[in-house]
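Visitor: Line by line, the protein sequences give chains A and B.
So for the first sequence, the numbering used here puts the first residue at 1; every next one is plus one.
So for the second sequence, the numbering used here puts the first residue at 1; every next one is plus one.
Rather than coming from a laboratory, the hints here were simulated on the basis of the structure.
You may find that some hints are simply not true.
[Stated by the list, open to error] Covered stretches of chain B, going by a simulated chain A footprint (3 or more residues, C-beta under 8 Å):
no., segment
1, 60-71
2, 85-91
3, 178-189
[To be verified] Sample of chain B residues at the chain A side, in silico, Cβ under 7 Å:
no., residue
4, Val74
5, Leu78
6, Leu169
7, Ile170
Note that beta-carbon positions come from the ideal geometry of N, C-alpha and C, so glycine has one too.
Number of protein chains: 2
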Amino acid sequence: MTRNTIEHDLRRIDDILLRLCELADEAMLGATQALAEADVTTAQRVIDGDRETSALHRELDNLVMYVMARRSPVATDLRRLLAALRVGADAERMNGLSRHVAKVARRRYPRCVAPGSSRDAVLSMGEVAAHGAALTRELLATRDVRLVGQIIAVDDEMDRLHRTLLAYLIGPDWEHGVEPAVDLTLVARFYERYGDHTVTIAHQVHFIVTGEYREPRPRVVIVPPRKQFLMPR
Amino acid sequence: MTRNTIEHDLRRIDDILLRLCELADEAMLGATQALAEADVTTAQRVIDGDRETSALHRELDNLVMYVMARRSPVATDLRRLLAALRVGADAERMNGLSRHVAKVARRRYPRCVAPGSSRDAVLSMGEVAAHGAALTRELLATRDVRLVGQIIAVDDEMDRLHRTLLAYLIGPDWEHGVEPAVDLTLVARFYERYGDHTVTIAHQVHFIVTGEYREPRPRVVIVPPRKQFLMPR
Chain A
1 MTRNTIEHDL RRIDDILLRL CELADEAMLG ATQALAEADV TTAQRVIDGD RETSALHREL
61 DNLVMYVMAR RSPVATDLRR LLAALRVGAD AERMNGLSRH VAKVARRRYP RCVAPGSSRD
121 AVLSMGEVAA HGAALTRELL ATRDVRLVGQ IIAVDDEMDR LHRTLLAYLI GPDWEHGVEP
181 AVDLTLVARF YERYGDHTVT IAHQVHFIVT GEYREPRPRV VIVPPRKQFL MPR
Chain B
1 MTRNTIEHDL RRIDDILLRL CELADEAMLG ATQALAEADV TTAQRVIDGD RETSALHREL
61 DNLVMYVMAR RSPVATDLRR LLAALRVGAD AERMNGLSRH VAKVARRRYP RCVAPGSSRD
121 AVLSMGEVAA HGAALTRELL ATRDVRLVGQ IIAVDDEMDR LHRTLLAYLI GPDWEHGVEP
181 AVDLTLVARF YERYGDHTVT IAHQVHFIVT GEYREPRPRV VIVPPRKQFL MPR
């Protein structure tokens, strides 16, 4: 393996994808803290932190284009390159959604975006997002496709939290008015989309490894994350 | 030009992309009507109408993969193929967002999702969405990159409508309570994202034609669409 083999380029591409997921994970952790603690300093740090993401994404697109034009990849290598484009787009979007969450926190500072028990809902969504991102990073690093089903199950949990929060906002127990409800509707949507992108990445890795796009829904249910958001009774 | 040239495959790919945009445009027109008129029949038709989109998207991915593996494209052809993957993903997402809007209309039937003057806001967003989609279809059909700036300007108008509607929802004039505000927050986000995807497609076509990704923001402002949503005074 010299610097000029296709394998060298593909390894660099894998490193970029993994780093993009790490950056998204870090950004969403910061955004969740900014939201739950009305922490405008962290919010600003997350919002300003998109330079590495943009640079990596540009490098990725150029590298894929270069490898395709110069090395005429076929079979598995071609699959890896096409999947890398899609994974890169998803990871970039996860970074963007984290910044959207941080912007809501900054916009309402010094008020906390999540009043009362909705704060637990936000923390739960943040925890599930981190769980999904950790599994996605592991999947990218190991290509162990058994993780695909776990990522889908974690996203199912995210969807459940999303539905529960929206039901709480429009239900009789919500007593914080329209503005926090509008903010939380947006924030919940950002977390939910973040989870969707982990699933898309999982499908792409599955495609790289097996040549098949779709993974059936898993039959086993994973252990749910520690904190749970329950609608107040 | 015989059936076996790369040009034949690229033309089929262009046809698919154009059709995916047409389908998104039709779906969003139906979704807007479903929302504004509380028309559950149209909502259901939009929701059920994703079969052709899915089939075309699968055909697109397979065809791009095939051409890349068998025909070793370079230069402009390679750019067209890579851009086609991205445009296809954006057009599929526009279709998905239209269905999301229709689902909100169905969920609240027989109540109208948009009470009072928010109905005008929804109609305006629908009209701007249709304007952006029409320009995007024209751009795909003609590759006239002068349309890129117009598409960006139409999306700026969408962003303005989005901000105006959110400000109305959380302002003192909103008197319809939390549930319609939550619904409209989601719906406005779907329209806004729909517009974002027209811009991404425009950038991709710009990339195909010029080899450059970015188009500077336009200096001229287009004529705004006919209907305008104004916050009540």
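Visitor: Confirm or reject each hint.
Guide: Each hint tested on the structure:
no.	hint	result
1	60-71	holds (count 4)
2	85-91	holds (count 3)
3	178-189	holds (count 7)
4	Val74	5 Å, holds
5	Leu78	6 Å, holds
6	Leu169	5 Å, holds
7	Ile170	4 Å, holds
The earlier numbered hints are all upheld by this structure, with none contradicted.
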